[in-house]
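Engineer: With the sequences and hints as input, model every part of the structure.
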Amino acid sequence: MNKRVVIIVLAILLALAPCLSVLAADNSTVTITVATNKDIDITLQDKEGQPLTDWDIGDVEPNIGYLTNPTWCTITNEGNCVVEIRIKGEDATGAYTWKLSSTENNGKGVYALWYHIAYDSADSYTSITTIDTQMRKANGDAIQLIGNGDQKQFGLKLLTPLADTSTGHFWGGREMKTTITISAVAA
Amino acid sequence: MAGKMSPRIVSIALAVILVLIPSLPTLAQESDGETITITMTTKTVIEIELNPTSWEIGQVNPDTEYETNPAQTWCTMTNKGNCTVNTYIKGDDAVWTESPSAYKWTLSNSWSNGMQEYVLAYLDQYSSSYVLITKDESGGGAEFYSGLGIGEENQKKFGLKLLTPPSDYTKGGVGYFSGGGEMETTITISGVAA
Numbered sequence: 012m013n014k015r016v017v018i019i020v021l022a023i024l025l026a027l028a029p030c031l032s033v034l035a036a037d038n039s040t041v042t043i044t045v046a047t048n049k050d051i052d053i054t055l056q057d058k059e060g061q062p063l064t065d066w067d068i069g070d071v072e073p074n075i076g077y078l079t080n081p082t083w084c085t086i087t088n089e090g091n092c093v094v095e096i097r098i099k100g101e102d103a104t105g106a107y108t109w110k111l112s113s114t115e116n117n118g119k120g121v122y123a124l125w126y127h128i129a130y131d132s133a134d135s136y137t138s139i140t141t142i143d144t145q146m147r148k149a150n151g152d153a154i155q156l157i158g159n160g161d162q163k164q165f166g167l168k169l170l171t172p173l174a175d176t177s178t179g180h181f182w183g184g185r186e187m188k189t190t191i192t193i194s195a196v197a198a
Numbered sequence: 503m504a505g506k507m508s509p510r511i512v513s514i515a516l517a518v519i520l521v522l523i524p525s526l527p528t529l530a531q532e533s534d535g536e537t538i539t540i541t542m543t544t545k546t547v548i549e550i551e552l553n554p555t556s557w558e559i560g561q562v563n564p565d566t567e568y569e570t571n572p573a574q575t576w577c578t579m580t581n582k583g584n585c586t587v588n589t590y591i592k593g594d595d596a597v598w599t600e601s602p603s604a605y606k607w608t609l610s611n612s613w614s615n616g617m618q619e620y621v622l623a624y625l626d627q628y629s630s631s632y633v634l635i636t637k638d639e640s641g642g643g644a645e646f647y648s649g650l651g652i653g654e655e656n657q658k659k660f661g662l663k664l665l666t667p668p669s670d671y672t673k674g675g676v677g678y679f680s681g682g683g684e685m686e687t688t689i690t691i692s693g694v695a696a
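Line order of the protein sequences matches chains A and B.
Counting with our numbering, you get residues 12 to 198 for the letters of the first sequence.
Counting with our numbering, you get residues 503 to 696 for the letters of the second sequence.
It is possible that some hints are incorrect.
Said to hold, decoys possible - Here are the simulated DMTMM-like pairs of lysine to aspartate or glutamate, each with C-alpha atoms no more than 25 Å apart in a straight line:
1. LYS673(B) - ASP52(A)
2. LYS148(A) - ASP57(A)
3. LYS49(A) - GLU558(B)
4. LYS606(B) - GLU536(B)
5. LYS606(B) - ASP57(A)
6. LYS606(B) - GLU95(A)
As the list claims (entries may be wrong) - Restraint ranges, calculated between C-beta atoms of paired labels, are given here:
7. ASN553(B) - PRO62(A): 51 to 57 Å
8. ALA133(A) - TYR671(B): 35 to 41 Å
9. LEU78(A) - THR608(B): 44 to 50 Å
10. ALA198(A) - VAL676(B): 17 to 23 Å
Don't read these hints as lab results, they were simulated from the structure.
Here a beta-carbon is modelled for each residue, glycine too, at the ideal position from N, C-alpha and C.
Structural biologist: In structure tokens, the structure reads:
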């Protein structure tokens, strides 16, 4: 090392030495936590931002799949906390009952339902059953809405039951209704 | 013969003296004393202990004051080091633990709260009025206790007060913060050798 540099370094060290005890310090902390009220509130809207409460499919035929657009429904977090989104279906009722399939397979008097998260892997539909289940993407990631205003979109697919009649039809002119429940719980 | 010395003996004695003369300065050095001065400094240990180190207020409402219990002696500060220290205090913004970058309450520089702005203060055991705690981002904090002596016999006690911000929005007559769940902040007390 250059001799002059060494001398300068030593001089600085010597100059600092008396200050070292003053610079020495210790920090201790107190952590304060408060719990704020959770407001859990979600809305379902269509593409125009209107409340979405219906999917009117119209006339259906046996053993046919019916789809909505993948961005058909927008879920918006209108509350103030992180929520996970859950979904469940139920049997369709009317003049008779169509059981909701628990296996993704339809049958006579058994229909199936799925959802697809918008912008997820193409054709990645996840089964909806009568069991309340957390909505997930195809890779298994849970659907969460982080804070107020966060949104996710999804679409639906419905596969009708097999035919009622030997001629390959449902009994004619019967309206069937079912309900899908989307809920939010604090994550 | 008595009282007379043989010339031969005298010669030998003189010869011995002459041989020794050059060595005399050396013999004198060996009996000299040199000193080595050893200097050392005892290590300064600065350690401030706070007890307790957390204040869990629980569920809070907007625009409401909360005090520790007891108000003035809730926290004990002990100098566990080996030198008298001066202590300093500073606070920080409170953040939403779910997503700290998404929502926070700024620590107020005054006694007034505001939208997403909260107030912190401390009350020491010998005082009758609260002292504001601020962020002091550039420094180590405001002077807290000066000359805190070593050990339990010199402990100091204090309490805290927090004023929450007004609600961010109201729904069904209930005020909510945009960060629902948990907010967290820290108060830092630092000790510097006096």
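Engineer: Confirm or reject each hint.
Structural biologist: Do the hints match the structure? See the list:
no. : hint                              : in the structure
1   : LYS673(B) - ASP52(A)              : 10 Å, holds
2   : LYS148(A) - ASP57(A)              : 20 Å, holds
3   : LYS49(A) - GLU558(B)              : 17 Å, holds
4   : LYS606(B) - GLU536(B)             : 69 Å, violated
5   : LYS606(B) - ASP57(A)              : 32 Å, violated
6   : LYS606(B) - GLU95(A)              : 22 Å, holds
7   : ASN553(B) - PRO62(A): 51 to 57 Å  : 54 Å, holds
8   : ALA133(A) - TYR671(B): 35 to 41 Å : 39 Å, holds
9   : LEU78(A) - THR608(B): 44 to 50 Å  : 48 Å, holds
10  : ALA198(A) - VAL676(B): 17 to 23 Å : 21 Å, holds
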